[in-house]
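> Here is how the chains run, residue by residue.
There are 2 protein chains.
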Amino acid sequence: MTAKQDRILLAHGGGGQLMDELIRGLILPKLKNDVLAELGDSAKLNLASGTYGTSSVCFTTDSYVVKPLFFNGGDIGKLAVCGTINDLAVAGSKPVAMALSLIIEEGFEIKLLEKILDSISEQARLNNVDVVTGDTKTVEAGAADKIFINTAGLGARLPGVDLAVGKIKVGDKILINGTIGDHGMTIISQRKDIKFQSSLKSDCASLADLTCKLFENTNGIHFMRDPTRGGLAATLNEISRDSALSIEVREADIPIKAVVQAAADMLGFDVLNIANEGKFVAVVSSESADDCLNICRKHPLGKDAKIIGEIVQTRDVPTVELITKIGGRRIVQMPYGRELPRIC
Amino acid sequence: MTAKQDRILLAHGGGGQLMDELIRGLILPKLKNDVLAELGDSAKLNLASGTYGTSSVCFTTDSYVVKPLFFNGGDIGKLAVCGTINDLAVAGSKPVAMALSLIIEEGFEIKLLEKILDSISEQARLNNVDVVTGDTKTVEAGAADKIFINTAGLGARLPGVDLAVGKIKVGDKILINGTIGDHGMTIISQRKDIKFQSSLKSDCASLADLTCKLFENTNGIHFMRDPTRGGLAATLNEISRDSALSIEVREADIPIKAVVQAAADMLGFDVLNIANEGKFVAVVSSESADDCLNICRKHPLGKDAKIIGEIVQTRDVPTVELITKIGGRRIVQMPYGRELPRIC
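Going down the list, the protein sequences come from chains A and B.
Take 1 as the starting number for the first sequence in our numbering and just add one per residue.
Take 1 as the starting number for the second sequence in our numbering and just add one per residue.
What the hints contain is simulated information worked out from the structure, not anything from laboratory work.
Warning: the hint list may mix true and false statements.
No distinction is drawn between identical chains; accordingly, a pair holds when it is met within one copy or between any pair of copies.
Unchecked claim - Pairs of lysine to any residue residues, derived as SDA-like cross-links and limited to a Cα-Cα distance of at most 20 Å, are as follows:
#, residue 1, residue 2
1, Lys111, Asp6
2, Lys213, Ser286
3, Lys30, Asp130
4, Lys32, Glu114
5, Lys30, Ser121
6, Lys146, Arg342
7, Lys67, Ala141
8, Lys146, Glu106
9, Lys192, Ala141
10, Lys32, Leu126
Sequences and hints are given; from them, build the entire structure.
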């Protein structure tokens with residue numbers, strides 16, 4: 001990849017094709033090991049600890065650089081806690097503990113820091129997850145943009161839950177727990193200071209309560225991922241590539257709020273590429289699809305849940321196809337990654 | 001503390017008094033829980049994982065913002081791996097896995113990223129620790145200073161090793177595994193572009209091999225901490241405050257390289273306040289002190305190890321006193337934190 005670029009572009013962090021090239025072309029070969037190579041939302045580890053026994057955990061990390069720091073539906077603190085909890089949740093674990101690391105620009109207002117800490121505290125409490133360790137660094141004015149937050153998380157793997165792309169098979173259904181694009185369109189519209197009639201609101205939320213309910217009540221879930229950077233398009237493409245199977249989704253079944261669609265149309269975005277922060281995509285067996293849908297719909301974060309498509313046989317190469325509202329077909333490509341920098 | 005300051009100062013990240021105020025005055029009350037309240041180098045957790053059993057782990061996080069990125073003796077990548085390994089090591093655990101999160105400024109040279117990843121890879125390999133999960137974010141040119149790295153770490157607690165300030169008692173010896181001030185003086189002299197006759201070199205190194213040898217061969221270690229930001233002065237003051245016991249150290253016994261002392265004298269720094277990245281301070285029982293010293297001296301990272309002082313009865317308030325080379329006494333204060341921003 002160094003032949004193509006010699007400097008980091010914003011799109012290298014966009015959750016799309018270019019980020020994938022950076023990770024697979026440079027980072028993964030340098031750090032290669034079997035657990036990392038899975039590139040899951042969390043790493044799955046068996047921790048043997050001398051005479052203490054063994055436990056099976058999920059481990060994840062994410063840095064948050066969202067701009068603006070405060071947005072309709074959340075802030076960088078809520079995002080950091082929910083984002084890390086969601087990575088643990090979709091990997092089939094129950095979040096247990098978090099580490100919080102702050103990089104703060106000199107001159108940042110302490111009352112804003114306090115608001116952010118309040119958010120972190122509230123989300124941690126709601127999710128029954130303690131922030132057990134942390135770090136605070138400061139950098140000179142101009143050396144960072146206000147505040148960056150890193151949260152690492154530890155989850156206890158749920159007994160009997162073993163999600164893997166390898167379990168996905170033809171006929172499996174694709175389930176999403178609600179509307180897409182809410183987070184990304186909220187951020188971009190606040191950044192551009194565009195006011196829409198009905199206000200946009202981020203879907204930023206912790207999914208662990210809902211995912212744990214699903215895992216407890218059905219064993220039909222084969223794989224799960226949260227469609228953050230790169231949106232639904234990136235997640236479906238990853239699932240298709242990694243399972244070597246194709247996917248068909250029906251445009252008419254993908255839940256999108258009218259205000260989100262309007263904002264995307266106006267600004268020239270494809271909602272499929274837009275980040276979500278309170279959504280998961282689950283690949284479920286066809287027999288369990290109705291059960292999964294019912295469990296979701298009883299939960300506040302799943303009331304708009306839908307089966308949006310299914311896994312189909314690959315003809316040539318694994319592809320994601322969208323059946324449009326008027327019955328046409330188009331390929332959903334892996335986004336390039338330039339859509340929205342600093343979305344989370 | 002909001003009464004005193006309304007904005008973040010560089011010294012809030014300096015590892016001294018002001019950082020302590022920020023953490024204890026603002027962060028800790030917001031996030032309060034028993035594990036975090038210990039403010040250890042790592043959090044000690046018991047992970048119960050359904051039918052998988054239980055294991056006892058250490059969990060830690062650190063962000064690295066060092067400037068310059070490459071310095072004599074290391075770079076930000078080596079520092080990030082060693083720093084997190086050391087936090088796990090001094091908490092009495094064997095490092096097992098790491099999470100790596102990068103925040104990269106648009107325009108950063110990919111060949112520098114590659115050098116940093118090579119360092120990370122080498123240190124991970126040397127320490128038998130896999131980077132099992134990660135995250136990559138990009139921010140616009142000017143929104144960060146080149147690259148910031150966060151490493152979170154997981155360690156398996158060593159059976160029978162239970163370090164705690166509560167175990168420290170009068171008569172215990174203070175051991176350090178080598179010379180102090182090497183890392184900090186290297187960074188500051190490279191930043192100011194001062195050339196000394198004999199070149200300064202950071203002590204950046206992973207301590208886990210040495211600490212594991214100590215824990216395997218003696219049970220006399222009561223407490224351990226790595227004197228990074230804030231230097232030996234901050235670590236001794238933390239130990240004294242948290243144990244409510246006083247400390248006496250002998251200036252003549254504190255190992256300092258002549259070139260480090262010369263650089264500090266020339267630039268007006270007190271070496272006691274200067275950061276180290278390959279040192280630990282251990283509080284050990286007086287009976288085990290010689291054993292500990294012998295184990296250290298057989299290891300490349302402990303050949304200059306010394307007993308530098310002891311725990312003494314508190315008369316009034318817990319204090320750290322330095323017996324100077326000419327037999328005088330002075331109080332070693334908690335540094336304010338302004339000594340050196342972006343040292344690690």
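> Now, for every hint given, state plainly whether the structure supports it.
Evaluated hints:
When the C-alpha separation of Lys111 and Asp6 is checked against a cutoff of 20 Å, the pair qualifies only between copies, where the shortest distance is 7 Å, while the shortest distance within a copy is 40 Å. Proximity of Lys213 and Ser286 under a CA criterion of 20 Å is satisfied intra-copy only: 19 Å inside one chain copy versus 55 Å between copies. Taking the closest pair of Cα atoms, Lys30 and Asp130 come within 20 Å of each other only across two copies (11 Å); inside a single copy the shortest separation is 33 Å, beyond that limit. Proximity of Lys32 and Glu114 under a CA criterion of 20 Å is satisfied inter-copy only: 14 Å between copies versus 39 Å inside one chain copy.
When the C-alpha separation of Lys30 and Ser121 is checked against a cutoff of 20 Å, the pair qualifies only between copies, where the shortest distance is 6 Å, while the shortest distance within a copy is 36 Å. Taking CA atoms no more than 20 Å apart as the test, Lys146 paired with Arg342 passes in both settings, with 13 Å inside one copy and 16 Å between copies. With identical chains, the CA atoms of Lys67 and Ala141 are at most 20 Å apart both within one copy (17 Å) and between copies (14 Å). For the identical chains of this complex, Lys146 and Glu106 are neighbours both inside a copy (8 Å) and across copies (17 Å), given an alpha-carbon limit of 20 Å.
Within a single copy, Lys192 and Ala141 get their C-alpha atoms only as close as 24 Å, which misses the 20 Å cut-off; across copies the closest is 19 Å, which meets it. In this homomeric assembly, Lys32 and Leu126 come within 20 Å of each other (Cα to Cα) only across copies, at 14 Å, whereas the closest approach inside a single copy is 36 Å.
Checked against the numbered hints above, the structure violates none of them.
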